[in-house]
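**Q** Listed below, chain by chain, are the residues.
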Amino acid sequence: MLKNNTDCLLSCCRMGRRGLEGMFLWYLVCIFVISANAIDIKHLNIWPMPKSVSYGYGNLHLSNEFELRTDGSKFADASSILKDAFKRSIDIVRSTHVIEFNASKVDPSLVLKGIHIVVSSPSDELQHGTDESYKLHVPAQGNPLYAHIEAKTVYGALHGLETFSQVCHYNISSRGIQVHQVPWTIADQPRFSYRGLLIDTSRHYLPVPVIKKVIDSMTYAKLNVLHWHIVDTQSFPLELPSYPKLWNGAYSIPERYSFADAEEIVRQVNRHFYAKRRGINVLAEIDVPGHAESWGVGYPALWPSKDCKQPLDVSNEFTFKLIDGILADFSKIFKYKFVHLGGDEVNTSCWETTPHVKKWLHKNHMNGSKAYEYFVLRAQKIALSHGYDIINWEETFNNFGKKLNPKTVVHNWLGSSVAQNVVKAGLRCIVSNQDSWYLDHLDALWQGFYLNEPLTNITDPKQQALVLGGEVCAWAEHIDASDIEQTIWPRAAAAAERLWTPYDKLAKDPEKVKSRLSYFRCLLNQRGVAAAPLEGLGREAPVEPASCYLQ
Amino acid sequence: MNSPSSPNTNYLLLAAFLLFSQSVLTVSRNLDLKLLRQLNHVGKDDSPTYIWPLPLQYTSGNQTLTVNPNLALFTSGNGGGSRIVSQAFERYKRIIFEHASLKLPTAGVDYDLSKLTILVHSDDEELQLGVDESYNLLVAASNAHSVIGEITIEANSVYGAVHGLETLSQLCAFDYGTKTVKLYNAPWYIQDKPRFEYRGLLLDTSRHYLPIEIIKQVIESMSFAKLNVLHWHIIDEESFPLEVPSFPNLWKGAYTKWERYTIDDASEIVEMHFKLFHIKSAEAFSLSSYEYECSNSVITKIQLLQKIGINVMAEVDVPGHAESWGTGYPDLWPSSSCREPLDVSKNFTFDLISGILSDMKKIFPFGLFHLGGDEVNTGQYLLDFLPVVLITVTTSICRLQDHSMSAKDAYKYFVLRAQEIAISLNWTPVNWEETFNSFPTSLNPKTVVHNWLGAGVCPKAVAKGFRCIYSNQGFWYLDHLDVPWESVYYTEPLEDITDASQQKLVLGGEVCMWGETADASDVQQTIWPRAAAAAERLWSAPESGSSRNSTTVLQRLEYFRCLLTRRGVPAAPVGYAFSITNASEHYLTDVKFEGAYVEEEKPTYKIVTLQKLVSPYGNVFQFFCLKTDTASVLLEASASIQALQDQIEDMLHTLSGKQTTMLTGEKRSNLSKQGIVLSTISRS
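Going down the list, the protein sequences come from chains A and B.
Residue 525 in full-length UniProt numbering sits at position 525 of the first sequence, and the numbers go up by one each step.
Residue 293 in full-length UniProt numbering sits at position 293 of the second sequence, and the numbers go up by one each step.
Isolated chain A, as found in the complex:
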């Protein structure tokens, strides 16, 4: 788009001397090209933008008996991941209006009978790096007429279904669903393998249905990691069978997650697993040793003293035994390759002032910062022993980066230049710089979310490969069940395109994608997600009566 535009202008300049007439002609041509492109963009309302798209000008009707065919697929779908996703996609397309489509009134060759999905891998394993690519083809003609999705894994096919749902529109005159702009040929895959969203259930408890709704909405923007910041200073809502008193640190009795609740959110229990069925990995976090005061409600021995309750007592062997128990429990339900061990904002003064810890420090020839390093590295070893790769917040890297286990993924949050230092040091990195990607910063606008580039100043392809992706963070000091959706959306969607779409296809000027993002925000609203208007700050109420598409 931009390229054409620039070419035209350059041509105009070069034409300068050939006389007014020629220049005028060129000018007209330029205008034509630009406006044609503008129209195209206007009508391409897919979010995030696929890697490659081509489309035509035909229209098809979605059959009332729209069906899923999977012949030729190597994926057996024993637990109905694909079938259920198909049903969800079609339901959501149809939920915008009552369908009263009468197929007998239209040319049968224009009725799309169903979708044919071929998955080449038999496995339903969801893991970091699982292939998420897909190809979607909606032909303009055929008898019988089917849309086609090809994918390596079922999770790629799920993304294909999401894209398909976004090219379906309710049509007022046919009273049915139409697929506009056929034939479609889309080949798509994500730019980054880690496209995360952090939710925080410690500052405010989020009921299970709310978390499930967030997971649903993530799939609409093709995000793939739910970073569950389960516990923190304020409350400990999760049940852990090995240490049954830990969830005494919950705000209240109803504000807790049983182990089975957590398991259901993450993965399969009978047929009722949630995130995994939607292609969403769940990254669990215990933020040690700094953000852990609530642990001691059940086990006061974890506090250095009654007056000084965090960080966790580094001198007490029980602390590490308990972390080991937690991670052993985690490994039964959180099957994602990574576990997040936190490690941020550790203030060691409590250790240095509490007599018995001070004594221990002295005995082991440590000061506060040494003890912090000791704690983090020891927790890392425990996680590794349970088969996890570790993610730690950036302070660990900033303070003792060279000592971190080489499997560590450093999670940036403070500033914007950390990623380049991390990958230079050969470690992997996830980008979440707070100035652009903290959703609880209501003054961080969607334009900033869109423009935040994880690979800024990283040019070496080997180093680029070490950036796994990025994550937007909904810290919950001021977020609860009543406002989480509008705080997340639509700004998280802006970041989702940055993380999904190839760099060359991303707009340099966010205003160019504004109408498409606005369209996606209205799509979220139609699907029952309370995404806020684009105008104004995060989760701002609409300022005046107007169309959704103009806010």
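Calculated directly from the structure, the hints in this document are not laboratory data.
Heads up, some of the hints might be wrong.
What the simulated footprint calls covered on chain B by chain A, stretch by stretch (three residues with Cβ under 8 Å from a Cβ of chain A suffice, anywhere in the stretch; the number is not a length) [unchecked claim]:
| # | segment |
| --- | --- |
| 1 | 165-176 |
| 2 | 203-209 |
| 3 | 507-517 |
When the alpha-carbon atoms are kept at most 30 Å apart in a straight line, the in silico DSSO-like pairs for lysine-lysine are as follows [said to hold, decoys possible]:
| # | chain 1 | residue 1 | chain 2 | residue 2 |
| --- | --- | --- | --- | --- |
| 4 | A | 51 | A | 152 |
| 5 | B | 252 | A | 105 |
| 6 | B | 464 | B | 408 |
| 7 | A | 335 | B | 257 |
| 8 | A | 332 | B | 362 |
| 9 | A | 105 | B | 193 |
| 10 | B | 179 | B | 252 |
| 11 | B | 464 | B | 446 |
| 12 | B | 179 | A | 245 |
| 13 | A | 403 | A | 51 |
| 14 | A | 337 | A | 306 |
| 15 | A | 105 | B | 257 |
| 16 | A | 381 | A | 403 |
| 17 | B | 179 | A | 321 |
| 18 | A | 402 | A | 505 |
| 19 | B | 361 | A | 87 |
| 20 | B | 257 | A | 514 |
| 21 | B | 257 | A | 87 |
| 22 | A | 83 | B | 446 |
| 23 | B | 252 | A | 514 |
| 24 | B | 257 | A | 505 |
| 25 | A | 407 | A | 306 |
| 26 | A | 512 | B | 257 |
| 27 | B | 257 | A | 113 |
| 28 | A | 105 | B | 93 |
| 29 | A | 512 | B | 252 |
| 30 | A | 363 | A | 337 |
None of the values given here were measured: they were computed from a predicted structure.
Backbone N, C-alpha and C define an ideal beta-carbon position, used for all residues, glycine too.
Knowing the structure of chain A, use the given hints to seat chain B on it.
**A** What follows is chain B alone, placed relative to chain A:
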């Protein structure tokens, strides 16, 4: 205030403090942690009863009983076999047994309660105003004689039975220790019925389009608080989203082609085709036969209808709020520069209204139909009861030019003619109170007067024999974000009505969610939890024991708000009128963004700021037309500025030693009501 005594003393005008609404919202949200931790063990003799709204009569005990996740339903009575009952049972089973652990196999566990009997006497499923909504709920104790306890719901109508199920769901809670659902404080005996038959919530889909999915979520949440009328303010001057088959150009007045409701959509909302949030997101239990019907691509509509007992009252607000009608039929505009009220001089206007109402009659079976009639700016008419200021700010006023009748007569003529059309279709007309205020004796006696401007209207209306719905904007306008829950809770629809026969004429009340600043992103947290406060006012008897004193009401409402969030309804925290206002505060304080808005030159931001300035409480000027529209805000702002100038003038007089006009008490109190404090200090 005493006059200053010495002419040599200098006075200094110190400050005018603008007190913003936060200062009145100082309700502490710090619930006692111990109390919270006990919430699962409610009902120790002195603790409040966590049922919202509170039932009419109840007794409870101190037993805790376990409830079988495979709770079996037995029905009897003429209406027991109704699909409405069985579907409601399935819906509440999903809500009660929401937790994951309950879906695991539960062999070998003995439960106290495994059976629910629902007895419904009448098989009449017609949902109307005044349908019998009463029910009795009995939870028998387990004792030596019967090991298996039983739950019984008895109701005259299916809708009473649905309310009984809602109450039952609120008695149950998940026990995290034993991983079972328990019913606390058994045995229970509850006898319940609503205080008012009309318990409404207004939704406005003209100022912002609300997707069907959102409307359904709202309707479902209404049933949790036992509200029973959705007042659907479908169209207004901003947009006309509804399809009207007789006049197919009308919905050209929609914002966009995507922001519209087909006639089938409207019908679905009324019938509440229940493919709802809970079913969709929970995916709990194995797929029941019902869900198979849902998922089956060949949709048999009848099988999907699921009434949950919410009536839908449609509104066509004529003649004032109707500019958008003319997009499709420009003839309806008096002229292209003057677009409302609807052209009273053309028969076409009334043909069209008649067509709209006939089409609507097919989909809205509810007996009441709302004809609006508020804020009609005829140019002349407003002069009769609004200060002149409005005229100076309203630059384009439509004037009746070529008619012999006065503007006020024309307004009356219009409203009455519209009423006739509605009555001919067997509807009871509902009109906003201006119609009653202007020509009470001409209104059809069947008219239901819908109060909104201020207090005192219902007493007048019922004294004249009209029925009345109470929606005093100072308390029950949910778009007034600065009205805290207590104001919503403690307002009384029967205030100043003592005569029992007149009291009966008050059908009930309604909380109004006007959509100027509410769309799909914030409508639910603006409605809840404050609508629940009104819901208890409308359902429960006014005088009921300890559960209704102010501390326990707050505890109970906070509990109900959490119950809503646990059911996936994004209800805002109780202590704040509106969580999202936290964000909007920023643009008053954050210089950077204030600047940004000025650059964009968006007058609306200034209007909002002005509004905050002049009306921090929202309920100060009950006797003004206080809506959030620009004209009203400007009106108030100019009045405030005028008042302020008067005060300063007075002060200056005082300063110059001319002790002429001192502040009258009335003026001063006017100022302080607006949050402005003028003070004088002495300077030696």
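**Q** Each hint needs a verdict: does it hold in this structure or not?
**A** Now the hints, each set against the structure:
Chain A is given as covering the segment 165-176 of chain B, and this holds because 3 residues of the stretch bring a CB closer than 8 Å to a CB of that chain, at least three being needed. Look at the segment 203-209 of chain B against chain A: 4 of its residues bring a Cβ nearer than 8 Å to a Cβ of that chain, three or more, so the hint holds. Only residues whose beta carbon comes within less than 8 Å of a beta carbon in chain A count, and the segment 507-517 of chain B has 3; three or more means the coverage holds. Our distance criterion of 30 Å between C-alpha atoms is met by residue 51(A) and residue 152(A), whose separation comes to about 16 Å.
Using a Cα cut-off of 30 Å, the hinted pair residue 252(B) and residue 105(A) holds, with the two alpha carbons roughly 25 Å apart. Proposed proximity of residue 464(B) and residue 408(B) is supported: the alpha carbons are some 21 Å apart, at most 30 Å. This hinted pair does not check out: residue 335(A) and residue 257(B) have alpha carbons roughly 45 Å apart, beyond 30 Å. With a C-alpha separation of about 57 Å, the suggested pair residue 332(A) and residue 362(B) falls outside the 30 Å cut-off, and the hint is violated.
A threshold of 30 Å between alpha carbons decides the hint, and for residue 105(A) with residue 193(B) the separation of about 51 Å lies outside it, so the pair is violated. This hinted pair does not check out: residue 179(B) and residue 252(B) have alpha carbons roughly 55 Å apart, beyond 30 Å. Between the alpha carbons of residue 464(B) and residue 446(B) the distance comes to roughly 12 Å, so the proposed pair stays at or under 30 Å and holds. Simply put, residue 179(B) and residue 245(A) have alpha-carbon atoms about 16 Å apart, close enough for the 30 Å limit, and the pair holds.
Our distance criterion of 30 Å between C-alpha atoms is broken by residue 403(A) and residue 51(A), whose separation comes to about 39 Å. Taken as a hint, the residue 337(A) and residue 306(A) pair is broken in the structure, with Cα atoms around 36 Å apart against an allowance of 30 Å. Proximity of residue 105(A) to residue 257(B) is assessed by CA-CA distance (about 23 Å); at most 30 Å being required, the pair is judged to hold. For a cut-off of 30 Å, the pair hint linking residue 381(A) to residue 403(A) stands: about 12 Å separates their Cα positions.
Distance check on the hinted pair: residue 179(B) and residue 321(A) sit about 27 Å apart at the alpha-carbon level, within 30 Å; holds. Distance hint between residue 402(A) and residue 505(A) is unfulfilled; the C-alpha atoms sit about 37 Å from each other, more than 30 Å. Taken as a hint, the residue 361(B) and residue 87(A) pair is broken in the structure, with Cα atoms around 35 Å apart against an allowance of 30 Å. A distance of roughly 19 Å separates the Cα atoms of residue 257(B) and residue 514(A); the hinted pair therefore holds under the 30 Å criterion.
Using a Cα cut-off of 30 Å, the hinted pair residue 257(B) and residue 87(A) holds, with the two alpha carbons roughly 26 Å apart. Proposed proximity of residue 83(A) and residue 446(B) is contradicted: the alpha carbons are some 55 Å apart, above 30 Å. Between the alpha carbons of residue 252(B) and residue 514(A) the distance comes to roughly 25 Å, so the proposed pair stays at or under 30 Å and holds. Proximity of residue 257(B) to residue 505(A) is assessed by CA-CA distance (about 29 Å); at most 30 Å being required, the pair is judged to hold.
Between residue 407(A) and residue 306(A) the alpha-carbon distance is near 36 Å, which puts this suggested pair outside the 30 Å criterion. Restraint check: the Cα-Cα separation between residue 512(A) and residue 257(B) comes to about 22 Å, which is no more than 30 Å; the hinted pair holds. Of the pairs offered as hints, the one joining residue 257(B) and residue 113(A) holds, with about 26 Å between alpha carbons and a cut-off of 30 Å not exceeded. The suggested pairing of residue 105(A) with residue 93(B) is violated, with an alpha-carbon distance near 42 Å, which exceeds 30 Å.
Taking the CA atoms of residue 512(A) and residue 252(B), the gap is about 28 Å. The hint holds against a cut of 30 Å. The suggested pairing of residue 363(A) with residue 337(A) is violated, with an alpha-carbon distance near 37 Å, which exceeds 30 Å.
Hints 7, 8, 9, 10, 13, 14, 18, 19, 22, 25, 28, 30 from the list above are not met by this structure, while the remaining hints are.
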